[in-house]
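J.: Make the full structure from the sequences, and use the hints.
There are 2 protein chains.
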Amino acid sequence: MQLDLNRRSGVPMYRQLAAQLREQIVSGALAAGYRLPPERELAARLEVNRTTVLQAYQQLKDEHLIASRVGKGTFVASVESGASVGREGDPRTPRTTRTPAVVHTIRDGAAPASDAAEPPVIRPPWSVLFSDYSNRFTYHDIAEADRAQRGSGGRDAHVIDFATGSPNPADIPDDLLRAVSLEAFASHEFDGQPESPIEGFDELRDLLARHMRDRGVGCDARNVMVLSGSEQGIDLIVRAFVNPGDHVLVEQSTFFPALQTFRSADARIVGVPVDADGMRTDLLEGYCARFRPKLIYTIPTFHNPTGTTMPMERRRTLIDVAHRYQCLVVEDDAYGDLWYGSADEGRPVPLAGMENSGYVMYLSTFSKTVTSGLRTGWVVADPHVVARLAALRRMVDQHTSTSSQRICLELLKEGRIAGHVAGLTRAYRARRDATVAALERWAPDGMRWSVPAGGYYVWVALPDGVRSLDLLARCRARGVTFMPGGVFDVDETDDAHIRLNMVRPDAADVALGVRVIAECTRRCAENRSQ
Amino acid sequence: MQLDLNRRSGVPMYRQLAAQLREQIVSGALAAGYRLPPERELAARLEVNRTTVLQAYQQLKDEHLIASRVGKGTFVASVESGASVGREGDPRTPRTTRTPAVVHTIRDGAAPASDAAEPPVIRPPWSVLFSDYSNRFTYHDIAEADRAQRGSGGRDAHVIDFATGSPNPADIPDDLLRAVSLEAFASHEFDGQPESPIEGFDELRDLLARHMRDRGVGCDARNVMVLSGSEQGIDLIVRAFVNPGDHVLVEQSTFFPALQTFRSADARIVGVPVDADGMRTDLLEGYCARFRPKLIYTIPTFHNPTGTTMPMERRRTLIDVAHRYQCLVVEDDAYGDLWYGSADEGRPVPLAGMENSGYVMYLSTFSKTVTSGLRTGWVVADPHVVARLAALRRMVDQHTSTSSQRICLELLKEGRIAGHVAGLTRAYRARRDATVAALERWAPDGMRWSVPAGGYYVWVALPDGVRSLDLLARCRARGVTFMPGGVFDVDETDDAHIRLNMVRPDAADVALGVRVIAECTRRCAENRSQ
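Chains as they are written, first to last, in UniProt numbering: chain R, 1 to 530; chain Z, 1 to 530.
In case anyone wonders, no lab produced these hints; they're calculated from the structure.
Just to be clear, a hint being listed does not mean it is correct.
[Claimed, not checked] Covered by chain R, according to a simulated footprint, are these stretches of chain Z (three or more residues, beta-carbon under 8 Å):
| no. | region |
| --- | --- |
| 1 | 32-46 |
| 2 | 49-56 |
| 3 | 333-347 |
| 4 | 371-377 |
[Stated by the list, open to error] Over 12 Å on every C-beta distance to chain Z, these chain R residues come out as not near it, computed from the model:
| no. | residue |
| --- | --- |
| 5 | T51 |
| 6 | F75 |
| 7 | P124 |
| 8 | R268 |
| 9 | A322 |
| 10 | G341 |
| 11 | L392 |
| 12 | K413 |
| 13 | A418 |
| 14 | V421 |
| 15 | A427 |
| 16 | D433 |
| 17 | S450 |
| 18 | G485 |
| 19 | A507 |
[To be verified] Ranges of calculated distance between the beta carbons of each label pair, as one might list FRET restraints:
| no. | chain 1 | residue 1 | chain 2 | residue 2 | range |
| --- | --- | --- | --- | --- | --- |
| 20 | Z | R523 | R | L5 | 24 to 34 Å |
| 21 | R | A507 | Z | G245 | 24 to 34 Å |
| 22 | R | D266 | Z | T51 | 20 to 30 Å |
| 23 | Z | D433 | R | G423 | 51 to 61 Å |
| 24 | R | A508 | Z | T51 | 16 to 26 Å |
| 25 | Z | S187 | R | A170 | 15 to 25 Å |
| 26 | Z | E313 | R | P38 | 51 to 61 Å |
| 27 | Z | E414 | R | H188 | 23 to 33 Å |
| 28 | Z | D214 | R | A473 | 40 to 50 Å |
| 29 | Z | L3 | R | G423 | 43 to 53 Å |
| 30 | R | D214 | Z | A186 | 45 to 55 Å |
| 31 | Z | P383 | R | E189 | 40 to 50 Å |
| 32 | Z | D266 | R | P38 | 33 to 43 Å |
Virtual Cβ for every residue (Gly too), placed ideally from N, Cα, C.
T.: What follows is the structure, given as structure tokens:
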């Protein structure tokens with residue numbers, strides 16, 4: 001056993017000792033069963049403090065490379081006992097007999113030629129290698145959402161798409177985007193500023209803070225961090241705050257990527273019932289007392305998927321309960337700009353505009369008003385939170401694409417985006433009215449909905465006995481898609497509702513689409529009655 | 001106890017029952033201690049299957065809302081016992097006496113006026129609310145890296161910056177980027193395609209596959225997914241594959257955001273020793289036998305931070321061991337395009353070009369050759385892996401910014417990027433040579449380094465007794481920064497090395513910068529000797 005410590009190195013002595021022993025154990029130079037010198041003896045031999053040897057041995061014990069038995073001393077552990085530190089029941093079968101290296105020569109990207117004499121390489125056993133979390137993840141609602149969306153979208157002109165949660169391509173302001181992009185890139189303003197601060201360019205944070213003040217949220221640039229879409233904010237907030245086992249309260253049906261993100265952190269998700277006025281805040285105190293949640297995730301305005309908007313009284317209750325239980329609130333406000341009411345009704349004030357002690361973290365995005373292709377959203381939060389999210393983001397994507405930020409800067413300057421949103425709101429209000437009118441005209445008995453005050457979605461309760469997945473299959477056969485309610489449900493079992501994105505289809509298709517859904521619903525109901 | 005089940009609803013009966021009981025318990029309508037009817041009795045009363053009641057009760061037991069005692073029946077649990085489902089020792093102190101709601105009126109973004117009669121809201125106890133993981137995270141190397149980097153960068157002209165891991169702003173091809181951006185956005189090619197597929201635009205995936213084939217990696221567009229920087233690939237791969245407790249092998253010193261990402265998944269990170277030829281693959285079999293790692297993360301070419309390049313023989317060994325232990329390999333090749341050798345030396349072939357059964361996942365980026373502001377990288381992997389990463393990415397950022405993708409498309413077309421990289425390589429080779437010449441001229445006894453064949457970094461071993469953090473403090477006082485070795489070390493204890501980004505400073509500053517480091521090193525060594 002050769003050991004050679006450098007007592008003037010910047011690497012602590014115990015680490016040098018552990019590293020040298022580790023290498024000799026792993027390489028086989030010290031065989032399994034080899035008895036290591038007692039700590040006191042080795043310390044004397046190396047002329048180091050006994051603690052140094054103690055720490056080195058402890059580290060190697062933690063790595064299962066050595067083991068002590070009382071009265072017998074310290075031994076090199078066998079590979080088998082070492083191997084047991086891996087996942088129990090690991091079904092991978094290492095081929096421990098040494099086979100020749102499998103190396104291919106690649107020429108011009110042609111498929112590599114395999115040497116026939118070599119034993120074949122076992123292809124990766126994917127289902128074993130994938131993490132438990134990701135195996136569960138794929139199995140769940142993603143696949144379902146995909147099924148609902150496949151074949152929809154702009155490419156197949158025959159589909160009437162109430163499913164997809166993004167704008168109709170025809171509503172994307174291509175000309176405006178082209179104009180601002182050309183301005184953004186013709187300018188020399190950003191030369192020598194190729195990278196952005198993690199939190200985003202100062203000028204953009206400033207304009208976003210102004211945009212937020214227009215919405216009724218008092219904040220300045222220090223409260224704002226530019227995100228690569230508001231979804232990224234949920235992910236960062238979860239990393240920053242949620243420990244495994246923490247409880248998170250959500251509306252019983254909600255934005256499903258948020259559910260997946262909470263699951264990814266092993267949070268316990270508790271659904272709070274929703275009625276026509278959004279989250280049942282009368283129950284909230286009970287839920288907080290029972291579950292002591294770390295945070296409440298809510299979409300109080302033009303809710304996805306239910307289209308509901310929480311009245312001021314409920315908002316006050318929510319904030320009051322959050323304060324008393326020191327529970328954080330994540331307010332997801334992706335749709336807040338798309339309000340179809342009139343001035344005398346009073347525009348909903350965001351929770352973040354009613355609270356200034358730091359409990360509410362506010363998320364929004366340009367994905368619903370301009371295009372999700374920009375991948376630009378933002379969070380408004382206490383500077384403590386902004387700093388923490390920025391630190392965590394270093395290991396994710398560093399900052400939002402510089403080109404996207406430049407485009408958003410130009411969009412926000414001189415109120416160009418406000419003009420676009422005003423026009424979009426007019427068009428969307430008309431589509432909302434058309435959808436509701438069509439529902440009133442065609443809907444069969446037992447189908448219920450409420451009229452959303454803004455946003456994208458109308459949430460339709462199906463007549464008794466009609467299952468959303470059966471209805472979806474029928475409608476898709478007739479070229480109409482929507483999202484089945486189960487996708488959004490905390491328990492993934494709600495088969496009694498469907499979500500219609502009333503602003504996604506071409507305006508001319510809305511009435512026909514609703515009529516097809518109504519007819520198919522009637523068929524489903526008849527089938528159930530037989 | 002009023003219960004009203006709808007047997008034709010799409011919501012399963014047991015869920016309806018659980019939801020109604022939950023609401024009554026949480027609202028207090030059913031008080032703590034209330035005895036629920038026995039399962040059989042309730043089933044008869046509701047005319048449902050006994051299993052329905054069993055399932056509903058089980059769900060509520062899992063939520064700690066009800067509890068059974070043998071021989072006594074099933075009772076509503078008290079809030080106290082319910083509250084115990086929260087984190088033990090949760091130091092948040094709910095103010096359970098109801099206080100008036102705290103609501104502010106915001107006008108023009110002014111600070112909200114507080115009603116003096118109301119009890120003050122307790123500000124969020126951040127350190128309690130932050131997750132354990134994020135509290136650890138911030139405390140670790142990020143702060144250190146920040147300290148090393150603060151004040152550096154292009155804005156303070158007096159700093160000679162060997163620290164920052166991105167290009168010198170003067171090396172960013174502003175004119176090329178402006179030209180391709182204007183072309184990209186003037187074109188109508190992407191009208192009506194505002195969003196990208198998760199994996200990236202087909203045309204870009206195709207061009208990246210061609211780029212990879214030029215590097216010796218056989219692949220096609222199906223193997224390529226566009227990322228928002230290659231770091232995002234590490235994050236997605238970790239989510240897809242790493243279970244808590246899985247072992248991950250890395251070079252003993254490595255790209256530190258990768259370490260943070262592995263830690264975020266509660267992986268056990270094991271450092272494999274590195275010498276002048278990179279990872280000690282002679283030890284790899286022993287590490288795999290001992291630890292059965294889920295994956296090996298490696299930077300085989302122009303390693304960060306050590307500047308080493310694995311010879312072909314080691315690459316073959318690594319792949320062979322990975323095959324036999326069915327261990328995945330993440331090859332991080334951020335610097336592979338920046339090779340300073342001559343044609344007869346033979347350019348290093350990526351691991352991904354030597355393996356085609358799916359074990360190697362390859363990551364690269366435009367951040368080191370163009371600008372990290374683009375936030376565009378890519379992964380090359382088996383289509384199974386691409387599909388899984390795409391599914392997981394839905395909850396992160398959906399896809400890479402459309403504008404960044406368009407710019408990269410234009411860059412790759414007609415070999416424009418190849419021309420830029422060729423020029424950059426010439427400039428960087430000269431800076432590498434200048435750095436090495438300065439080290440040879442000025443370095444004090446005991447300072448050691450090897451000459452990197454490409455990439456950004458030269459890794460300098462300090463003379464015995466000189467600590468990297470002491471040296472950094474001295475150098476920063478004289479306007480020179482670099483990264484201390486501990487930032488990259490798996491154990492965060494290496495204080496004996498420093499990393500110099502030899503291509504980051506202005507060419508004219510390299511010699512002066514190295515001379516300052518050499519002089520400060522000599523001072524540190526003298527101080528130690530006294």
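J.: Look at each hint and say if it fits the structure.
T.: Each hint, compared with the structure:
| no. | hint | verdict |
| --- | --- | --- |
| 1 | 32-46 | violated (count 0) |
| 2 | 49-56 | violated (count 0) |
| 3 | 333-347 | violated (count 0) |
| 4 | 371-377 | holds (count 6) |
| 5 | T51 | 15 Å, holds |
| 6 | F75 | 15 Å, holds |
| 7 | P124 | 5 Å, violated |
| 8 | R268 | 8 Å, violated |
| 9 | A322 | 10 Å, violated |
| 10 | G341 | 19 Å, holds |
| 11 | L392 | 6 Å, violated |
| 12 | K413 | 17 Å, holds |
| 13 | A418 | 16 Å, holds |
| 14 | V421 | 16 Å, holds |
| 15 | A427 | 16 Å, holds |
| 16 | D433 | 25 Å, holds |
| 17 | S450 | 18 Å, holds |
| 18 | G485 | 8 Å, violated |
| 19 | A507 | 17 Å, holds |
| 20 | Z:R523 <-> R:L5: 24 to 34 Å | 26 Å, holds |
| 21 | R:A507 <-> Z:G245: 24 to 34 Å | 54 Å, violated |
| 22 | R:D266 <-> Z:T51: 20 to 30 Å | 29 Å, holds |
| 23 | Z:D433 <-> R:G423: 51 to 61 Å | 59 Å, holds |
| 24 | R:A508 <-> Z:T51: 16 to 26 Å | 50 Å, violated |
| 25 | Z:S187 <-> R:A170: 15 to 25 Å | 19 Å, holds |
| 26 | Z:E313 <-> R:P38: 51 to 61 Å | 40 Å, violated |
| 27 | Z:E414 <-> R:H188: 23 to 33 Å | 25 Å, holds |
| 28 | Z:D214 <-> R:A473: 40 to 50 Å | 47 Å, holds |
| 29 | Z:L3 <-> R:G423: 43 to 53 Å | 50 Å, holds |
| 30 | R:D214 <-> Z:A186: 45 to 55 Å | 32 Å, violated |
| 31 | Z:P383 <-> R:E189: 40 to 50 Å | 42 Å, holds |
| 32 | Z:D266 <-> R:P38: 33 to 43 Å | 34 Å, holds |
In terms of the numbered hints stated before, the structure departs from hints 1, 2, 3, 7, 8, 9, 11, 18, 21, 24, 26 and 30, listed from lowest to highest.
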